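**Student:** Go ahead and model the full structure; you've got the sequences and the hints to work with.
Start counting the sequence shown at 8; every next residue gets the next number (the numbering used here).
In short, the hints are calculated from the structure, not lab data. Mixed in with the good hints, there may be bad ones.
To be verified - Each pair of labels, with its calculated beta carbon distance range:
hint, residue 1, residue 2, range
1, 70, 215, 30 to 36 Å
2, 259, 21, 39 to 45 Å
3, 28, 273, 33 to 39 Å
4, 302, 197, 27 to 33 Å
5, 26, 273, 35 to 41 Å
6, 280, 207, 25 to 31 Å
7, 70, 294, 21 to 27 Å
8, 207, 297, 16 to 22 Å
9, 137, 259, 27 to 33 Å
10, 53, 200, 27 to 33 Å
11, 281, 213, 29 to 35 Å
12, 302, 259, 38 to 44 Å
13, 273, 137, 41 to 47 Å
All figures in this text were calculated on a predicted structure; none of them were measured in a lab. Glycine is no exception: its CB is placed at the ideal position from the N, C-alpha and C atoms.
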Amino acid sequence: MQALWLQNQQLTYKNDIPTPDPLFGEAQVRVRLAGICATDLGLVKGYYPYNGILGHEFVGDIVFAPNAPDKIGERVVGEINVPCGTCHFCKTGLTNHCKRRTVLGILNRSGAFAEYLCLPLKNLHPVPATVSDDLAVFTEPLAAALQIQEQRSIHPTDRVLIVGAGRLGQLIAQTLILTGCQLQVVARYQKQRELLATRQIPWVYEQAVSEKFFDLVIEATGTSSGFAMARQAVRPQGTIILKSTYKGETTVNLSSLVTEEINVIGSRCGPFAPALRLLERGLIDPALLIEEKFPLEKGLQAFERAGQPGALKVLLQMT
Numbered sequence: 008m009q010a011l012w013l014q015n016q017q018l019t020y021k022n023d024i025p026t027p028d029p030l031f032g033e034a035q036v037r038v039r040l041a042g043i044c045a046t047d048l049g050l051v052k053g054y055y056p057y058n059g060i061l062g063h064e065f066v067g068d069i070v071f072a073p074n075a076p077d078k079i080g081e082r083v084v085g086e087i088n089v090p091c092g093t094c095h096f097c098k099t100g101l102t103n104h105c106k107r108r109t110v111l112g113i114l115n116r117s118g119a120f121a122e123y124l125c126l127p128l129k130n131l132h133p134v135p136a137t138v139s140d141d142l143a144v145f146t147e148p149l150a151a152a153l154q155i156q157e158q159r160s161i162h163p164t165d166r167v168l169i170v171g172a173g174r175l176g177q178l179i180a181q182t183l184i185l186t187g188c189q190l191q192v193v194a195r196y197q198k199q200r201e202l203l204a205t206r207q208i209p210w211v212y213e214q215a216v217s218e219k220f221f222d223l224v225i226e227a228t229g230t231s232s233g234f235a236m237a238r239q240a241v242r243p244q245g246t247i248i249l250k251s252t253y254k255g256e257t258t259v260n261l262s263s264l265v266t267e268e269i270n271v272i273g274s275r276c277g278p279f280a281p282a283l284r285l286l287e288r289g290l291i292d293p294a295l296l297i298e299e300k301f302p303l304e305k306g307l308q309a310f311e312r313a314g315q316p317g318a319l320k321v322l323l324q325m326t
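**Tutor:** Laid out in structure tokens, this is it:
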């Protein structure tokens, strides 16, 4: 089958990769559409040592399910973490933190930048008929955006700042504006500002961010400068939520976090069912974020496009 293969930080297009066979309890999925995200770009740059097929944002069709033939033909999206099910974390409900888990396209499991992938049936969620592929492919990052509200209640009186208006920042903004909170988004590029404006989401220049003003700051850049801005903007006893992974070490003044009683929360994967409901009801429109689509065989050009400053969502089309 065709796939994008990462080996020693070198990404190549291959057309001779063996098609994966599902294990017990798994399904084989024919990928329709897959999205390139910042994690994929970071893996190519070596932020984490992964070799294999990249990609974890996808929509596709179940074509083979030995234990559930009735599922064949379902259009699905999939949760990316596959836990062992027997360790302490799994038994206490922290399955996404299982030490023996595999992660689609990230850790010991071939990913979605291929014609086919395999995931456990319990990881797969049927896509409502009214949700197009262009919307469904955003389910995984939209779920990650919703994880913020799983971790902290957000009220209309809360003053909230999002640092970063890229792929994930835009989705976070669309979810948070629904809470009625007093939201601002730091947007560096004109295109980002225009997209926020289409959803009536207030944006602000970096230089205009108020110091020690916000109850909640979401850092969605994964950069030390982004964290510095978040730290500057949050009020005493406020909360910073880190929504992007950081490469290497980041210098943090821990004493100031203590003296100002700042809460710092890491945030990763989130709930798929609410994400699909928001898409089905038309409350979120991630299709606005689609920059360009490429066929899989032009995947290297797609990665180049996705890595350009200010680029939004680049998609790979399999069928």
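**Student:** Taking 30 to 36 Å as the hint, is the beta-carbon distance of residue 70 and residue 215 inside that range?
**Tutor:** 51 Å, violated
**Student:** Could you say whether the range 27 to 33 Å given as a hint is met by the Cβ separation of residue 302 and residue 197?
**Tutor:** Because 29 Å falls inside the window, the suggested range holds.
**Student:** Given the hint of 25 to 31 Å, is the C-beta distance from residue 280 to residue 207 inside that range or not?
**Tutor:** With a Cβ separation near 27 Å, residue 280 and residue 207 satisfy 25 to 31 Å, so the hint holds.
**Student:** Holds or violated: 33 to 39 Å for the Cβ distance of residue 28 and residue 273?
**Tutor:** 35 Å, holds
**Student:** Looking only at beta-carbon atoms, does the pair residue 26, residue 273 fall within the given range of 35 to 41 Å?
**Tutor:** 36 Å, holds
**Student:** Cβ-Cβ distance between residue 302 and residue 259: within 38 to 44 Å?
**Tutor:** Taking Cβ atoms as reference, residue 302 and residue 259 lie about 43 Å apart, which means the hint holds.
**Student:** Per the hint of 16 to 22 Å, is the separation of the Cβ atoms of residue 207 and residue 297 within bounds?
**Tutor:** 20 Å, holds
**Student:** Given a hint of 21 to 27 Å, does the C-beta separation of residue 70 and residue 294 actually sit inside it?
**Tutor:** 26 Å, holds
**Student:** Falls inside 27 to 33 Å, the C-beta gap from residue 53 to residue 200?
**Tutor:** Given about 32 Å between the Cβ atoms, the range holds.
**Student:** Confirm or reject the claim that residue 273 and residue 137 have a C-beta distance inside 41 to 47 Å.
**Tutor:** Violated: the Cβ-Cβ distance is about 34 Å, outside 41 to 47 Å.
**Student:** Please test the hint of 29 to 35 Å on the beta carbon pair from residue 281 and residue 213.
**Tutor:** 31 Å, holds
**Student:** Do the Cβ positions of residue 137 and residue 259 conform to the proposed distance bound of 27 to 33 Å?
**Tutor:** 45 Å, violated
When held up to the earlier numbered hints, the structure conflicts with 1, 9 and 13 and fits the remainder.
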